[in-house]
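> Chain by chain, the residues:
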Amino acid sequence: MDKRIRFGRWEAIMLITNLICTKVFLYFNRMTAEDTGNAGWMMAAFTSAMALLFYFLVMSLYGKFEGMDILDIAEAGGGKVLRTITGFVLGGALFVLAAITMRKFSEDIKTISLPTSPLSYVMGFFMAGVIIAGLLGVESIVRHNAIVTPIATAGYIVILLGIMPNIDVTNLLPILGTGLKDILMKGFYRTSVFAELLVLFMLPPFLENPGDARKVGYVAITASSFFFVTGSLVYTLVFPYPTSMEPFLPVFNMARLIGLGRFFQRIESLFVFIWVMSALVYLSTVFYFGVYTVSKAAGLKYARPMMIPFAIILFSAAFLPVDLLSVIKIESEIINTWGWAVTFAFIGLVMIAAGAGKRAGRGTKGR
Amino acid sequence: MSFIIRQLKKYLFFEEPEKRERFILRPGARPADEEGSGSFEKAKEKKKAESEKAPEPGDEVKSDIDANLTHMKDVYSIPVNSDIVLREFDITYGCRTVRAFIIFFDGMTNTEVINNYILKPLMVDSVMPLKDTAENLEGYVMRQLMPHCQVNISRGYKKAVEAVNFGGCALFVDGLSVCFTADVKGWDHRGVEKPNNEIIIKGPQEAFNEVLRTNCAQIRKRLKDEDLIVEDILVGRVSRTPCSILYIKDVANEALVQEIRRRLEGISVDYMLDAGELEQLIEDSTVYPSPQVISTERPDYTAELLVSGRVAIIVDGSPNVLVVPITAFDLMHSPEDNYIRFPYVNLLRYIRYIAGFLALLLPGLYVAITNYHHEMIPTDLLLAIEASREKVPFPSLVEILLMEISFELIREAGLRVPGPIGPTLGIIGALILGQAAVAANIVSPVLIIIVALTGIGSFAIPNYSLAYSVRIMRFGFIFLGALAGFLGITVGLFMIGSWSTALKSFGVPFMSPFGPKTSGRYKNVIFRAPEWKMEERPDYLNPKKKRKQAEYSMKWKHGKRKGEQD
Amino acid sequence: MKRTVVYLRIGCCLLLLIMSLALSGCYDQREIDEMAYPLAVGLDVGRANILRMTLQLAAPLSIGGGGGGESGGGGGGAGGKPVSVITVDTPSIYSGLNMVNNVISKEINMSHAKVIVISRKLAEKGISKYIQAMMRGREFRPDMFIVVTDDPPDVYLREVSSVLESNPAKYYELLLGKDYSSYYPEARIADFHHAIERLDIEPTAVLSGINPKESVEEIDMMGKTGEHYLDEGRYEAGNVPAVSELKNVAMGTAVFRGGKMVGTLNGIESVCFQMVTGRYNHSYWTIPDITGSGNVIVMNVVQRKRPKTTVEMKDGKPYITVRLDLEGDYTSIQSTLEHEKYPEAIENKTIEVIRENVTTFLRRTAEEFDSDICGLGRFMKGKFLTWDEWEKFDWPSHYRNSEFNVEVKFKIRRTGLIIRLMMPELSAAPRVASGSVKGGWLCRYSHGPW
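Residue numbers (our numbering), protein chains in the order written: chain H, 1 to 367; chain F, 1 to 566; chain P, 1 to 450.
Hints are computed from structural coordinates only; laboratory data are not their basis. Note that beta-carbon positions come from the ideal geometry of N, C-alpha and C, so glycine has one too. A few of these clues could be false.
As the list claims (entries may be wrong) - Which chain P residues stay away from chain H? Per the calculated CB distances, all over 10 Å, these: (1) K81; (2) I93; (3) A133; (4) A190; (5) H193; (6) H194; (7) D231; (8) K247; (9) G258; (10) G263; (11) K341; (12) T359; (13) T386; (14) E403.
To be verified - Chain P stretches covered by chain H per the calculated footprint, using a threshold of three residues with CB under 8 Å from any CB of chain H: (15) 44-58; (16) 360-374.
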């Protein structure tokens, strides 16, 4: 029997959707409000459409490489050198994402629930979860994803529904927000919110049916865009424009306003559950795939011994930004402005180089 | 010293990681599993070869009866061993008289049977005209002279000794280099009684007892299927405990059965006495808090699980039967779920899940909310709690640990209190103790309710082992809640979740059908479909036959009756 | 196998370490009884410093009744006030919390504060900086109520007592967050904060005060004007003719422009405010009797649909049309009028009364206060495509020239438990002053229940 680790289409879809959508819990609403005022939802829709287009373009280059992940494609195109470069670029991108997200989530929890604890204490909890999940392997991470993501989604929808009594339709006007030009220009850059899609390109050896990789991508992007648009829409309906740029945690503020009668108030702490679960699953996935990519690029057979050293590196890297404002700056200006270059442009270039190399073959087995 | 060096080496240098999972049972329709296919045939041949194996050179029965006598007296330390009986007698046939002796344990055998159906025919009825010659004495004794239903011939001492050890008798005849063994078990044992731990209201009230064949019969009489295979394996070098693997040949996955055989045959212990021990010897993870096999004492539940494609292991001497493989959600199913109607069973399922949730998380949540998340409590309740806590000298974590530990003590003590007080001591005692503690201002009143709810919740969990594991994990959550509030509890849930999804129970991922998504998620996992809708066997077991009900299983509802018009 | 045992040993040691850590309490761990919970915060202009802050702390022993019903003592519970008030002069809110923490033994936890009480003097100076500080803090809830009083908050908070509830928090919640519409709006900090920064709506707060009436004689001295009856909504908090043990009266609205208070509205105007913004539930309206006899007809008016507002610019002036859609039940008809004969007349009279009140109210906000508290600018926003255009338009500068047109639709649906009164004077029913008359009780049913 084939001893390869496999998982199915549903798990892959849940994985990618969770990776992309975790930022809805963090800062996505505020980011769209900063960019385009109260037309945030239009920008979200435009961004999703652009991402679908980019994905279609990249996937059309993927045609003859069925079953191979991006590192194998790079090897087929430019030998070991290209594979190493690709692996380190992608692994490095995943590390940066993991570090910034871990820092962001720890700052969130510190602001919401544990104000006087030191940051390393809070981050220690996240690290414990990440290390344990990393040592248990990719099967566990993926299956856990498949269980947690629907629950987090249900919780998010409950928040959106609970806030419905507070909406004011006139908050959507003026319709175009800060202008059509802003929507289009910034919408183009903000396709970087789909940066985590690069994990999808590492997945084909694990899928039961390699041809599924395409479908997984489309479904995941569509589902994420649904969440982006509804999230932005409801946020804009509840918070009017200039003040919607203010809060550090938009969804937390929304959850605070939920008050159905005298009893169902103050339930935003329940949502801490969903956020932390979502964060832990996100971090463990991104971290694992980062380590896996780097190990595979360096030609190592086993990724498990590298987990703990890389975890220590991640922990230190998360402390690099000096304060919260620089984290937010890095997030908006670096990751969410240039992420598309890594996910779509770089991967597209690698595929073009490999296509020119014209050496397509079977992918190496996943572990 | 060398231990420390070894540990350091392990952390500083790279070692090839050992393979963890060697057996994976994949869901989905696969026509033939390469690993498993043909394993049934192989097992059949192996069994046949074993039973026809010639004995080893030093072990052959001799034809001289005195040599046999000496050997048996030696083996059984006669006359020091007081309950072994060695009866010498003569068999006459034709004009010859042949010496013979029979050896058996007193108290383990049914002496009526020995007297009437072995000794009497041999001693008395053998004085009959002989039809055949002396060479066929063996065949004559075996086929005509011993009217006993279970007689075997063995050529080696080993099998004879085994048979005598387990309630049989061995007959040696002068001049024959074989020995006859008959199964005359007749010790006192418990009858078929009501189940003690898995009590249901509506359904059969029979339980397993300690005799292997009775237990097998309980299952066979419910299934009446000639494809139900009962495969015997002896476990334990000295105790030679007979265990039986039960499975339905055309339903259960062959690779699964092969894996179970492999695990059972790979146990090398001296004594294996109970199903509980066997469970620990064959399970996948020793440390994981929840059990990975179901241990039940109800034959109807076992039959139900066999029908869905699982495999049962019965151990002689234990009224608990192990059923493998299972998933986490099967542990929350009760045997009664099949017998009660659709609306009630769903209500009961949800209540059980709520009970499990309460038992696991309620104290931890209480500690987290009162220590970290004060804004979550409604103001009225907060002021009431604060007022009641004013006089209590302990911090809330110490309070709750005190109450929880006393509750566990009471529970454990209640098992051993004799007489009718025993069962009632549990919760009532805890409540009264709690009330007294509140009056003495040691704990606050809210805590009593929390502890009582937690205890009741853990009693409502159907599986006994799972209730234990929930009790352990509850303490972990209390500490995590005290460390970091909801963050700690969520990290705890994440770790349990990761560990659960990494675990496999006999090749089946433990969190199927949600972990890896397989079909049948809404039929019997959390929400149970009505009985007529349970058409397929669980996908993650990869059974040979998927369907167990026709699509319209109630034919009387669909289709026309005679004489009905359109 | 050995490896598992080693891991188990290491795991146990770690576990013991963690457990001992947990028992000693971690960074943020605070027991409930180590904290004090203010239920109300008062802000006033300070004399010794910029701000005078008053905190009304809950005293749980009096509220909770001491817990543990069978405790032998039982004392220390029942007596004593349920709250304790402390006042400090401080430069800002959080500095004040610093100072209070030095007086009170327990740490102050603001997450259960229900009300912010602001004095009128401070409100007229401007409070946006304090509101912003409260929105930034994680402990202040965004659904706290905001109240403005004429009396200084330290006096106000000392006088407030809840007789019907044991818990002052419940008192505030019930009083200020209600289902029926009373003579003050529902004003929460989150909306206040948003409205300060918005161009299309201005903030409002509840007007409250200590009713100084000690005895019934003081009510007698309030006097009457020449009308037959006085509309009960024309009062503002502080001079309401009522005597009770509960000293606190909430009535009226405080109108702000930006963060500064510019005026007050009385009770009936607050009701009109709620009607125009669509937050009106139901309340009783007192209509003068159509026979002009000095009696009143009391209607229970309910909002049927949210009001429709349109704003158009005519000659550079906003022309605002508000369409209210209401329905009502008879609650009391004091004269001997055969009311089922004159439904339209009564409806028209009601419509007239409501329309007059609403128009007066709107004109007052435009001309006297120049503050668009109803948020009528929101309906102007739709005419612009981008935010810059809307900002350039500068709605607040146009609002003061607005003209209002209020249309009210009103239908009477039900009459309570009595359909018609059979009184002996009906044979000499007086003539109706205005409105068309359709005689006969058949006509009543032609209106239909919709």
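> Is it the case that K247(P) keeps its Cβ farther than 10 Å from each residue Cβ in chain H?
Given that every Cβ of chain H is farther than 10 Å from that of K247(P), nearest at about 24 Å, it holds.
> Verify the coverage statement for the segment 44-58 of chain P against chain H, using a C-beta to C-beta distance below 8 Å and requiring 3 or more qualifying residues.
Violated: only 0 residues of the segment 44-58 of chain P have a Cβ under 8 Å from chain H.
> Is the Cβ of H193(P) more than 10 Å away from each Cβ in chain H?
The claim breaks: H193(P) does not keep its Cβ more than 10 Å from every Cβ of chain H (closest is about 7 Å).
> Is the Cβ of G263(P) farther than 10 Å from every Cβ of chain H?
Check passes; 24 Å lies beyond 10 Å.
> Can we confirm that no CB of chain H comes within 10 Å of the CB of A133(P)?
The assertion about A133(P) holds, with a minimum of 13 Å to chain H.
> Mind verifying the non-interface call on I93(P)? Its CB should be farther than 10 Å from each CB in chain H.
Answer for I93(P): holds, closest chain H Cβ roughly 17 Å.
> Against chain H, does D231(P) hold up as non-interface, every C-beta pair farther apart than 10 Å?
31 Å, holds
> Against chain H, does A190(P) hold up as non-interface, every C-beta pair farther apart than 10 Å?
6 Å, violated
> Decide, holds or violated, for the assertion that all CB atoms of chain H are farther than 10 Å from the CB of K81(P).
24 Å, holds
> Any Cβ of chain H at or closer than 10 Å to T386(P), or is the non-interface label fine?
5 Å, violated
> Against chain H, does K341(P) keep a CB gap of more than 10 Å to every residue?
Answer for K341(P): holds, closest chain H Cβ roughly 42 Å.
> Over 10 Å to the closest beta carbon of chain H is the bar; see if G258(P) clears it.
G258(P) clear of chain H: closest Cβ-Cβ about 13 Å, beyond 10 Å.
The structure does not agree with the numbered hints 4, 5, 6, 13, 15, 16 stated previously, though it agrees with the rest.
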